[in-house]
Amino acid sequence: MRWSRVRALMMAIGALVLVAAQFPSVHPVSLRIPQGWPKPTYALSANPLSQKGIALGRKLFYDPILSADSVISCSNCHLSYTAFTHVDHALSHGIHDSIGTRNSPALMNLAWNKAFMWDGAVNHLDMQALAPINHPGELGEATAHVVSKLQRSRSYPAMFGKAFGDSLITGEHLLKALAQFELALISANSRYDRVARHEGGEVFTAQEENGYRIFKTHCAACHREPLFTTGEFAYNGLALDTVLRDQGRMRITHDVKDSLKFKIPTLRNIEFTFPYMHDGRFKHLRDVIAHYTDGIVHGPTLAPELRAPITLSKDERTDLLAFLLTLSDREFLFNPNNAYPRE
Amino acid sequence: MMRPLHAFLLAMTVCVSAAQMGAGVTGLRFVPMADAQAIQLDREFPLPGGASVSIAALRFYVSHIALHANGRAVWTDGDRCHLVDAADSSSITLATPSGLHADSVSFLLGVDSLTNVSGALGGDLDPTKGMYWAWNSGYINFKLEGRAPACAARDHRFEFHLGGYLPPDRSAQQVTVAVTGGPVVAIALDISRFLDAVDLAKEYHVMSPGPAAVRLSRAVANSFNGHAVE
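The listed protein sequences correspond, in order, to chains A and B. Residue numbers are given in the working numbering: position 323 of the first sequence equals residue 333, and the series is strictly consecutive. Residue numbers are given in the working numbering: position 37 of the second sequence equals residue 1425, and the series is strictly consecutive.
If we strip away everything but chain B, and leave its shape as in the complex, we get (with noise of 0.2 Å):
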């Protein structure tokens, strides 16, 4: 299996010579960052404020995937949902139809509601997936855990679950972010970006929908950028 880091440089590499190319896009890559290098779980690195963290699990579904090109949509994906998962590279490669030009990339960031209420569904969306919430129904669209030596919680561990489907708590989020050429398009989550905008001494369970959730779902939306590949 290719090392999440190897994979991204991979995609870079090629994004870039696609992009002097000229060439269409053929896939779509989610990419899980810690400030410009891809995350490796369990290795503690520095935030840009100087604080430490290391993170144990990184997991987070999208869906509604489309490709635009000046403005218009070019090639959706539907309303299917995608887990990616820090631990498993393979799960963060998306297909698209050869040769399509696009200058951004729109999708939810989370499970919509429709699905949130469909009942037992299975592949990425199987409960076994640890995304689902047992006492309260629905989905965890986002879940980060780690330590940090500023969080104060037991063993310094930092748990945040986030989802929610029903307003006035819904958590999913809409993200576009501008993308360049191909044929591998690259997305970046950079947690870092996330992390320095959460007070971990403060803010180390979100668990539960609810404001909160809401709150650190705009923040986790707010930390992906295309940009990472130029």
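Same shape as in the complex, but just chain A (with noise of 0.2 Å):
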């Protein structure tokens, strides 16, 4: 077998280490925490991952029955091949064609989230597919009637049984059983982790040297490494559509100084996470730095960073394009044990 077709195999048993199975029946797992990255914000003693829970978990996040009309799953709008978002889609999609405000956000590294969802509404990874769940734009459904729909099924009870001990399924477990499969999606293989970690002598070329060297100035404020993100809120500038209308994070805190501001978004495995932003309003990378340089409208809750402007040749913006594309993690993307799973 060749080298690669060995590293592949390697990285379908995912980005999980096993440790020494205490339970043999549950097969306890733990989360891997690249090397150099902080502590996760996810409290793992209170749902301990298991091999049971996260195959669970992921036969929930492909399994239509999560709908009010059994049509679409969380799949639809988080595919695995685009890091977990709806490619090419502004908006989210739902049931009976109904189209949401706001751009499903890529999945990875969730354990690092402090908050959930663009404006933050969600505070913890459990309670998120509660709300994709519960709302009439989204999956339609009623988190009860899916229980009891779980409840009734042939296959559910038994792998709730093994996942949790036991298979009388409850709401608490449905969720735990979700985080655990997305506590699993951890994308920390990409070329730039590889150059970070001196990985078999990869370096940069001149030209993403450059570019992170570029990055490093305008960029990691927000953007911060090694996740991509601080994980806060921020007015990045962009104009409010008239539509929308979407405040943001004011939604949810009712404080002015909160208008506008978005979670700011990891930048991990952007190249395939098109369209961006919370509206999904910029088709490429290209409108993205254009839009840092020669577009932002100043407001009173613009980020502190933006406000002086940031000037990018033609080329310096080549370069920074080409340091953002060694953020794709190709492992994550393709492993099959985040695919659909086919039994």
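Think of the hints as simulated: they come from the structure by calculation, not from any bench. Since the structure is predicted, the reported quantities are computational estimates derived from the model, not experimental observations. Any given hint could be a false lead.
[As the list claims (entries may be wrong)] Sample of chain B residues facing chain A (criterion: CB under 8 Å; computed from the structure):
#1 G1487
#2 A1522
#3 W1523
[Unchecked claim] A short list of chain A residues far from chain B (calculated; beta carbon distances all over 10 Å):
#4 G46
#5 P58
#6 H99
A virtual CB, placed ideally from N, CA and C, is assigned to each residue, including glycine.
Dock the two chains into a complex; use the hints.
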């Protein structure tokens, strides 16, 4: 077997390292914390990961049983091959051809997230799934009804029993199973990561190196390494969409200081997560860079980092773009363990 | 299953006789009431001011329950949360260690802020109980739905889903009520007192955290009493 095949196989085991199975029936696994990364924000002690729990979460993630018309699953808007976002769709879609008001975010490295949704409406990964499940324009269901459908299904009671020691199926375990699968979605193997870890003599090209310098000067304050986000909320100078009139974080906090602020997204796998911004208004990365150099709307809540103009030459833009492409993690994107479970 | 009214009357009888005998407390009961009657869901009843209402759903959380005697805590239930549901009479009784003497009960009306940020929880806190907001994380501390001719909403239906754990709109309320003897201490939530404090012609939908939810939560907190058993 060629080295790349071996490597692919290893990746197929997932971004998780198996630890000694103390409870053979559950097969606990531990979250692999990439070298140099901070401590996860998710309290794993309250929802210990297991192979069975992750597999159950994965089955649920891809199962349209979570929607009112049994047509749509989480994966409709979160496709594994595009870092779990709805590529080429500006706004999320739901049951009965409904179109939402925001761009579905990419899903990765969620154990490090401090808040969820573009406006931080959700305070914990476990609780995030409640939002799309119950939203009339997304999965259009009611949590209690989803649980009763699962209870009546042929396969789920046994799977919940194996994962949580409780085959009755509860809302708590439904959410915890989904969270386990999502926690396992770790992207930390891009070329950027291998260069940072000095792995196998991997180095940046001169162009990427210059792009990295530009990134550190103009972008890294908000898109902080290694997660490429601070997890905070900021107004990045986008003109208000006059149809959506989305005030972002202010909707949650009712504080004018939060007007137009949205969660700073990670830049990891950004090559694959177009279109960009909370409303998907930019199709190309070049448009995004052009926004930061030429499109900033100055408002009272504008991020301090964006108050002074950013000037980049044509070559500098290309270099920055070259650096951003080093954040693509193909092993994550094409990891069969994250994709639709074919039994 | 014992009907709430019967359960309440039983509790009342036992309380009165036990108080006469001077026995200690053996349990706590939360009783949703309307004026001096135990609530019957979907049954119209008059408010003291003359208006009439019917209640379709009444559910609320109580947590951090403690019994006190002479200003000192003699028993605490810790941070456990209990869902009181007018549709389920078994949801309202709590056993305490027997033989305690107490003159007041304190509790938090609602779920504390730490619990609100602790992810998925089970039992009474399971999100399938309909007491958790999907669109904006946090528990609904108190839910009251019903109909009143005075209510200006469609079909005269009012809905109060009170919650919010973040300052400045933290809605959970600390409540202390004076109680008598035992063995079962009944704490009544007099919903007519709350409804008298609300102008249903003007205010009938409060379903998100904010100043209105805080104001109405205070009104609920002021509608508890332990004297109903005297």
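Results of checking the hints against the structure:
Look at B:G1487: its Cβ only gets to about 35 Å from chain A, farther than 8 Å, so that hint breaks. At its closest, the beta carbon of B:A1522 sits 4 Å from a beta carbon of chain A; the interface hint therefore holds under the 8 Å criterion. A hinted interface residue such as B:W1523 counts as satisfied when its beta carbon comes closer than 8 Å to some beta carbon of chain A; here the least separation is about 6 Å, so the hint holds. Every beta carbon of chain B lies more than 10 Å from that of A:G46, the smallest distance being close to 26 Å; the non-interface claim holds.
Every Cβ of chain B is farther than 10 Å from the Cβ of A:P58; the closest lies at roughly 13 Å, confirming the non-interface assignment. Every CB of chain B lies more than 10 Å from the CB of A:H99, the least distance being 21 Å, so the non-interface label holds.
Checked against the numbered hints above, the structure breaks only hint 1 and satisfies the rest.
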